[in-house]
Amino acid sequence: MSAKTYTVPIGPVHVGLKEPITAWLDLDGEKIVGARVRPGAIHRGIEMMGRERNPIQVIYLAERICGICSFSHITAFLRAVEDAAQIQVPARGQYIRSLVLELERVHSHILWAGVACYSIGFDSAFQLGMLMRERVMDVLEAYTGNRVNYGVGTVGGVRWDITPEVDAVIRDMIRYYRSEFSAFYDIVTQDPIAKARMRDVGVLSYEDAIRLCALGPTARASGVRCDLRWSAPYEAYGDLDVKPVVPQDYVGEARGDVFDRFLVRVLEVYQSLDLMEKILDGLPEGDIVFEKSVVKVLSLLKKAEGTGWGIIEAPRGDDSRVVHLTSGNENLTWWKVRAPTYANAVSWPVMFMGNELADAPLIINSIDPCISCMERMLVTNAGTGGEQIMTREQLLDLSREKTRRLMPA
Amino acid sequence: MVFNKMSIELLRQMTDAPFTNPFPVPGMPDSLTDALLAAAEGKISLNPPVETGKRFRGKLAYDKAKCIGCKLCVRVCPANATEYLPEEKKILIHIDRCCFCAQCTEVCPVKCLSMTKDFLISSYDRKEQIVTDSGPVELESGTSASDSTASKTVYRISPESCIGCTKCARACPVGAISGTVKQPHVIDETVCIGCGKCAEGCPKDAIHPADVSVAGTK
Amino acid sequence: MNWSEHLPALVIAIPLLGAFAAPLVSLGGKTLRNLLLIVVSFVTLAIAFLLWRSVLAHGTILYVMGGESFSLTLPSGFTFPVRIMFEIDALSAFMGLTVGIASFAGALFSLQYMRGFSGLHRFVSLYFLLTVGAMGMSLTGDMFNFFVFIEIASVASFGLIAFWRDKPEAIEASFKYMLLSQISAMLILIAVGSIYGKYNFLNMAAIANAVQMSTLDKLILALLVAALAMKCGAFPMSMWMPDSYAESPSGVTCLLVTVSQVSLYGLMRVCFTLFGTVAQSGFIPWIFIVLGLMSMFFGVTMAVIQHEIKRLIGYHSISQVGYMLLAFGVGLAALHDPRALADYGFTAIKGGLFHMVNYSMYKGLLFLAAGALYYATGTRDLNEMGGLARRMPYTTVLFLIAAAAISGIPPFNGYVSKLLIYESVFTVHPLLSAVALVTSVLTLASFVKIFQTAFLGPEKNKWRSVREVPASMVLGMMVFGVVIIGFSLFPSWTLSSLVEPAAKALIDQAGYISAVLHP
Amino acid sequence: MKLEKYLEILPKSLWVTTCNSGSCNGCDIEIVATISPRYDIERFGMKLVGTPRHADVLVVTGPVTTYMKDRLLRIYHQIPDPKVVVVVGNCGASGDVFYRSYSLEGPVDRIIPVDVYVHGCPPRPEAIIEGVAKAVLKLEGKRKELICAAQGETE
Amino acid sequence: MMNRSIDYVKEPLSSEAVIARLEERLPDIRIQRRDRVGGRDNSVQYVDLWIQVEKGRFLQTIEELFRLDFPHFHVMSGDDVGDDVLLNYHFSLFRVSEHGKRLGVSVCVLVPKSDLHMPSLFDRIPGIEYSEREMREMLGVEFEGLPMKGFIFLPENWDENVKPWRRDKDGLNPDMMRDLS
Amino acid sequence: MMILTILLKLVAGSALMLLALLLALLFDGVDRIINARMQRRWGPPLFQPFYDILKLLGKENIVPRRAIAWIFNSAPWMALASMLVVFLYMPVGSLPAILGGEGDLVLILYMLGFCGVCMALGGFASSNPIANVGAQREMILMMSYELPLAVVASTMAWVAYRYGLPGEAWNLETFVANPVWNVVGKAGILGLLCLLFAMVLVVPGETGKGLMDIPEAKTEILEGLIIEYSGVNLAMLKLTFALRALAISAIITVLFFPLSLGKLIGFSGCFLYALDFLWFWVKVFVVLIVVVTFMRSSLGRLKIGQASHFYWINVAGLSIAGMLLLSIDRIF
Ligand code: SF4
Ligand code: SF4
Ligand code: SF4
Ligand code: SF4
Ligand code: SF4
Ligand code: SF4
Ligand code: SF4
Ligand code: SF4
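For the record, the sequence lines run as chains D, E, X, V, W and H.
Each number in this note's numbering comes from the position in the first sequence (counting from 1) with 19 added on.
Each number in this note's numbering comes from the position in the second sequence (counting from 1) with 1 added on.
Each number in this note's numbering comes from the position in the third sequence (counting from 1) with 1335 added on.
Position 38, counted from 1, in the fourth sequence is what this note's numbering calls 30; the numbers after and before it change by one each time, with no gaps.
Each number in this note's numbering comes from the position in the fifth sequence (counting from 1) with 1032 added on.
Each number in this note's numbering comes from the position in the sixth sequence (counting from 1) with 1365 added on.
Don't take every hint at face value.
SDA-like mimics (lysine to any residue), calculated; alpha carbons at most 25 Å apart, straight line [unchecked claim]:
1) K130/V <-> A36/E
2) K61/V <-> N1205/W
3) K262/D <-> D1039/W
4) K1133/W <-> L259/D
5) K6/E <-> V1395/H
6) K153/E <-> D180/D
7) K60/E <-> L138/V
8) K60/E <-> D107/V
9) K39/V <-> F1415/H
10) K1374/H <-> V1395/H
11) K1533/X <-> T1550/X
12) K315/D <-> P49/E
13) K39/V <-> L1388/H
14) K39/V <-> E1425/H
15) K130/V <-> V132/E
16) K153/E <-> P109/D
17) K321/D <-> P109/D
18) K205/E <-> D219/D
19) K153/E <-> P49/E
20) K322/D <-> R157/E
21) K39/V <-> L1419/H
22) K130/V <-> L47/E
23) K39/V <-> A36/E
24) K39/V <-> L1373/H
25) K130/V <-> P49/E
26) K321/D <-> D206/E
27) K1145/W <-> L1100/W
28) K153/E <-> F309/D
29) K205/E <-> E324/D
30) K1181/W <-> P1158/W
31) K214/D <-> R274/D
Since the hints were made in silico from the structure, they are not lab data.
Values in this document were obtained by computation on a predicted structure and should not be read as measured data.
Using the sequences and the hints given, assemble the complete structure.
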């Protein structure tokens, strides 16, 4: 069936500071022959907002850059602040930060794997993944008090300590995943349909991954052996031996397709389990924060002057923050947020080319931008039949009228 | 091809009990209103939600009487959720703006703020959610980092730097600072709650925090 | 004298007269010429109808040119007829009627469609000549005449296909058509010559009576089958079809479709009537079956990838012809075995014949609708069109009717004829009906595609000003539309009074012979 | 169908579409969690649908960026009447941590009428379920009023 | 430059060697070395370099980095500092080589407001696209050789002349800031 | 007499169609519950699909401004009607089909196809690019599974003819009266199994679920061709989807599982009819659960290219193998 090329919009509903994306795909039949990407639908001006707030307030703002790798965001931010103000985090604080980072990675990767299944219509696998994810969510809640946006980091350390109970819960969880997660892993990686849907789809070659500065699992799936936990160890990772997970070490070759990205992520779940165990075993005694009085921290930061750069390996790739503090100003002078998707999104057009429309959500998803965007990716531009758009006032009128209809006087 | 691993897993899962937590009722009742009424009268029992963690941070509770109006919570609140009432020298909390970070409870020098376990908060009108006073709250331990420690932070004035501008005395919410104009001021460490208000306004940067161990209570 | 006796002559003479009168009448102005076009084609249709009625009422009609009596076939002392003779049995009349309808509808349509082109008097002449050719082929009872009429039709077709002489594609298509026509004409001529050489006569009934299955006869049969299969557009000799259908003016295309059906009719006549039971043995039926399957499948798969509307429809012609070949092949295979014939052979033939007339109708309508689209938008490229349903409601509905018919959507006539085919050919092997079913679905899909790209979808800005085509064009389409709906609403009537007599006539070789030889 | 009869059936089959107008995703993953086995909102006859045309409930998260404002309105219009709007998460209700910016137009109730707010940042899945239950109560309340009004007329 | 094979080097240089090399080749740059410590014993885990260069030397600096390794580009940060706009390009070298050997390199350039132009690195490092576009729309720096000019973050109907991060008259009006709640 | 028969058929026909509608919805509920349980979820109430439909009936029916209204609005009704009509030609248990004489397997296949076309047309008529994509996929899918379907149907008819089953070859009642399994030889059994499997694999395509949930793919193209539908139209489409699953399962049941419980126990007369009537629906439900619910739960979705490859090569191959085996069985 030769068809004319036509354009289908994807997005723009997507989440996070820099990640929201609108993509217009030029299709020839089902084949993508052109792609334009326009991020910024959800540009909230976070960097601007930060200029009017003090670092303590910005922690929670940074946390809400995105709720999935929220702890990565704040760790990167805190490291930048600590770099600028020359603050040294106590070892126990560093270990706990690493621990939460790994917990977050587990939660994020499992979620991603589930959603990837969801976007290929493999609902049962999605449900299975979600079911398994609840365990790490429980652990996060038990330790931090929240399932999402844990609020556990603060300048110079963390806010809550790992108590023996928490320790037990985490070890329990590690055991659970060690025994149960393989079910999910096997089901998906051995499923012929899942394989057919993910193999050789959205390929990003090794060279392209380098040129386009791809990060994290996206780059690793293309065979780039990069992992900040290894090449630039931060927090406790210097004491832990982290090996970048690249597909060539496991299946012999790295094709840089969605399947490889899947593989890298699920394998990293296992890696994280090992890391967590090591962290718990080696947890040093001592303070968890360099100064527990927030007020004191604030006055210290007020005096600090300098630019700091924090960079860490978030679940999706490295996450950078640059922060500038000026002495005498309690608020940030400026800061720069660079979430991993921001970098990985540049690779989308390359990944799209030559694939089918059916692959588009999967490809978008494959760099793991944010979850849940998928089921409404295309909504907003759907049927933009130029319907009349009303203002809120008109809407209120209408709704009053509706109420009147509903309630005959 | 039809019998992939998933199908076997599905058959297995068929035999497992559902993982679903049937909160509040397993399915939609004919009339939810009636069901809730019945539950309120104790005729039927509702299923509880999945239990929250020990450190769970729910809706804020505010003990207005205890508040000293130090505005520290306002300073740290990332979400603009605490509003200072200058006439009363108290605050009120917009729960609809709060991000449940517990930063205010941590910073509050008199611990008049606390996070409850209440998370089933939804409303038809978000202004319903403003907390003005929830009365005295029993504090649980372990809700904040500074709780478990045996020392407290107080502020001290370096007499050599102080020019006696009186700003700090006027700022101190608990009236811990005394002194006369153009004379170095002094802080009563037993009264000082370590809010840092005084240090904030000092033109000479003469006030600095110090940790003291608390022997007794208070 | 009863004028109705002369119907066979009239049905040829009137369009012929029209052809010669056209240049003269055109001098009298446009209106007069148009009037001529309409009146003559309508009269032809009317006569064809009357002819058919009378055949149904009175049985096979013989009309002998230049004889003492129009029905006297055997001049005294002769054992075989030597005259120019029309032998009109139910099948011929059935074909004649088809030609009449197509000619009338095409004429109506062309009236407006061709407006604005020069040399229209030539067009009218050629159009009538084409009608004459097609009509003659259906009615004649003489091999040589058949050849002559084929030539008339071919020559008229060249002219008409290349009517837009400034378009190189048209010239090319015409050339292709000419080449193929000439080859097939040549083959026919050789065959006819051989027959004459061997049997010394050309009358079909007489040949049928005399034929044995000698090597020469087999050769003759092969030649005729090859030539006519080529003319009717069976795979793989079908390359001319999409081109010439695409390039000729639409009013003509619908008639060309009928001409190809008449060629198919010729083929059937040759196989069933001329050679009859002697042909069914051996592999002739299988040739038809295989050709049919290939045509079906090839035609439709080629069609699916086209994006030029008339070419696309042209490719469907190939696949539709495949159905008929398949049906006739199965019918032919069953011809010698009365039980098989009763079980499925006759059904297959009925299906084939019904499909033939259905095909002429809906294909004609499709081409006219495609012409209407071209008329309105100036393009035949589907990719250019879009959203026209809002602007051209009549064309949309008529196209939908034709598309439903060709895809065989119940209860349209196409469904009935295809059903007859499926439910008979499967007995030979299930694969036959499976291929037919698949072809049908592919046809459906392909028409959904045309329908959606041209009529549905977002409206393109450039078509904002498009308007429905003029009334006469709509009327032309409606002629077909009404016939299709009629067939669809009264399938049993159509089958029993139109198709069945024709089918009986086709298998009734003895009847055909005896009508001439033992009147 | 008579409205009160209809309002009896509507709460049993609420189809939900979500719109993220600039949220941090925290709420969105909790919304996804509600369809996961542990919370399984399908128990209440609810399901997530892909297009606003099929939806009865619009769940909005996020403080509404300028870019998303028109899209949000458009989605709202695409939902056939009667419809319910639920704001999940405080950033949609009030801006939450995003309270001052050059590219925000929210909160949601400044753009479209909102029926129920679910507070939390993010709310737990149970809180979302409870919020939807509130929406159901609201619908049931309307129904009661209708029935009362009808009885009042007959008397 | 263009036909250099695209790969990362596997044998890293030490930070001292890199500093020496850069200082030798580019006499007027200022390099600040920052050791990042961490872990149980607070040892140096990795090193960041902060390099300050004149605008005129910028491309040459980048060339030098290319000679060392393909500089992986992270992000560009920047601010309006009065008469100039400060741009910090954050790169890293040796990111796939050895444990702890990645070298963060921030190249800081002051771009005078009188001539807000920078050479684009897009042809060398395509991954820089978003950052350059962002700096263009937020701070008003034009990158020569960057083909895409559309907004990536600001809404479509944004006034092209307003650069949100500028602190002068080109920046935001106070009334453009909206309070929520 | 004539009029009486017509009247009787009218009543019986309407009743059967109504029953089919109810059962289709009921099965939808069962399907959702079983699906949920297999995923360790609680699942919706059994009558959820009824609530959904009732609700949709009361909702506003939006016709997008750019849509071609008459096609957009009529397509769902036509689709539903074509699916309902199928049941008139379906023998239920030992009861003959209500319009058994007038239509047969070919007509049913056509109706299934026609239903797909109607939905595709509706999608096309909504002038939404995504609906367009969905509708195109629907058409491609239809073209793909048609070959195996056609092969199965023709082969079954051929079997009926060649093995001399009493009754008309294409008529479904023929298969009910004489189970094909009893007449064929060993190779034939194997062939029939191939055909059965091919047919089972066609089901996801026909119902658009599971691995063939391509035209509506929620997470790819947001419900695809039904994206613009709402209100009553959407209700009709939902009913159509449910009926499609029921219809195709009923066909499988009739062709391959005609076993009559009533005859087995030796019932006759009214009892036979009543028991077999129930038994028939039980069989259909079992078929549905296996071929629809279980398959859709355990498989992900293919891409349209893969789907048509799958049907044209794998499933068609399977069906042709079945055909050959049966031919061999007959000849030797
Ligand atoms: S990458 Fe995704 S999960 Fe991470 S911050 Fe960005 S939006 Fe959130
Ligand atoms: S910090 Fe505590 S005491 Fe101070 S104003 Fe806030 S609530 Fe009151
Ligand atoms: S919990 Fe956080 S957001 Fe809420 S009032 Fe306290 S400081 Fe503000
Ligand atoms: S007023 Fe304060 S600063 Fe000035 S001399 Fe006295 S003590 Fe020192
Ligand atoms: S103690 Fe107080 S009053 Fe005295 S000099 Fe210092 S600030 Fe001024
Ligand atoms: S003395 Fe200073 S720190 Fe202490 S309570 Fe008063 S203002 Fe706060
Ligand atoms: S504010 Fe500073 S300078 Fe003023 S009185 Fe207090 S300590 Fe002294
Ligand atoms: S309410 Fe909080 S968690 Fe939810 S989206 Fe908004 S910022 Fe994120």
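Taking the hints in turn, this is what the structure says about them:
1. For the hint linking K130/V to A36/E, the alpha-carbon distance of about 14 Å falls within 25 Å, and the restraint holds.
2. For the proposed pair K61/V and N1205/W, the alpha carbon gap of about 21 Å is at most 25 Å, so the pair holds.
3. Distance restraint check for K262/D and D1039/W: the Cα-Cα separation of roughly 20 Å lies within the 25 Å cut-off, and the hinted pair is therefore satisfied.
4. As the CA atoms of K1133/W and L259/D are separated by approximately 15 Å, the hinted pair is consistent with the 25 Å bound.
5. A distance of roughly 23 Å separates the Cα atoms of K6/E and V1395/H; the hinted pair therefore holds under the 25 Å criterion.
6. A distance of roughly 19 Å separates the Cα atoms of K153/E and D180/D; the hinted pair therefore holds under the 25 Å criterion.
7. Proposed proximity of K60/E and L138/V is contradicted: the alpha carbons are some 35 Å apart, above 25 Å.
8. Between the alpha carbons of K60/E and D107/V the distance comes to roughly 21 Å, so the proposed pair stays at or under 25 Å and holds.
9. Note on K39/V and F1415/H: the hinted pairing holds, with a Cα-Cα distance of about 15 Å set against a maximum of 25 Å.
10. Of the supplied pair hints, the one linking K1374/H and V1395/H is violated, its CA atoms being roughly 30 Å apart against a limit of 25 Å.
11. Between K1533/X and T1550/X the CA atoms are separated by roughly 12 Å; this keeps the pair inside 25 Å, and the hint holds.
12. For the suggested pair K315/D and P49/E, the alpha carbons sit about 42 Å apart, so the restraint of at most 25 Å is broken.
13. Proximity of K39/V to L1388/H is assessed by CA-CA distance (about 22 Å); at most 25 Å being required, the pair is judged to hold.
14. Between K39/V and E1425/H the CA atoms are separated by roughly 19 Å; this keeps the pair inside 25 Å, and the hint holds.
15. At most 25 Å may separate the alpha-carbon atoms for a hinted pair to count; K130/V and V132/E meet this at roughly 24 Å.
16. At roughly 20 Å between alpha-carbon atoms, K153/E and P109/D fall within 25 Å of each other, so this suggested pair holds.
17. With a C-alpha separation of about 21 Å, the suggested pair K321/D and P109/D falls inside the 25 Å cut-off, and the hint holds.
18. With a C-alpha separation of about 67 Å, the suggested pair K205/E and D219/D falls outside the 25 Å cut-off, and the hint is violated.
19. Taking the CA atoms of K153/E and P49/E, the gap is near 39 Å; set against the 25 Å cutoff, the hint is violated.
20. For the suggested pair K322/D and R157/E, the alpha carbons sit about 18 Å apart, so the restraint of at most 25 Å is met.
21. Distance restraint check for K39/V and L1419/H: the Cα-Cα separation of roughly 16 Å lies within the 25 Å cut-off, and the hinted pair is therefore satisfied.
22. Restraint check: the Cα-Cα separation between K130/V and L47/E comes to about 20 Å, which is no more than 25 Å; the hinted pair holds.
23. The straight-line distance between the Cα atoms of K39/V and A36/E is roughly 22 Å, inside the 25 Å bound, and the hint therefore holds.
24. Proximity of K39/V to L1373/H is assessed by CA-CA distance (about 42 Å); at most 25 Å being required, the pair is judged violated.
25. Taking the CA atoms of K130/V and P49/E, the gap is near 22 Å; set against the 25 Å cutoff, the hint holds.
26. Taking the CA atoms of K321/D and D206/E, the gap is near 12 Å; set against the 25 Å cutoff, the hint holds.
27. Straight-line distance between C-alpha atoms of K1145/W and L1100/W comes to about 32 Å, which puts the hinted pair past the 25 Å bound.
28. Pair hint K153/E plus F309/D holds up; C-alpha atoms about 15 Å apart against a cutoff of 25 Å.
29. Restraint check for K205/E and E324/D: satisfied, since their Cα atoms lie roughly 19 Å apart, inside the 25 Å limit.
30. Proposed proximity of K1181/W and P1158/W is supported: the alpha carbons are some 15 Å apart, at most 25 Å.
31. Restraint check for K214/D and R274/D: satisfied, since their Cα atoms lie roughly 13 Å apart, inside the 25 Å limit.
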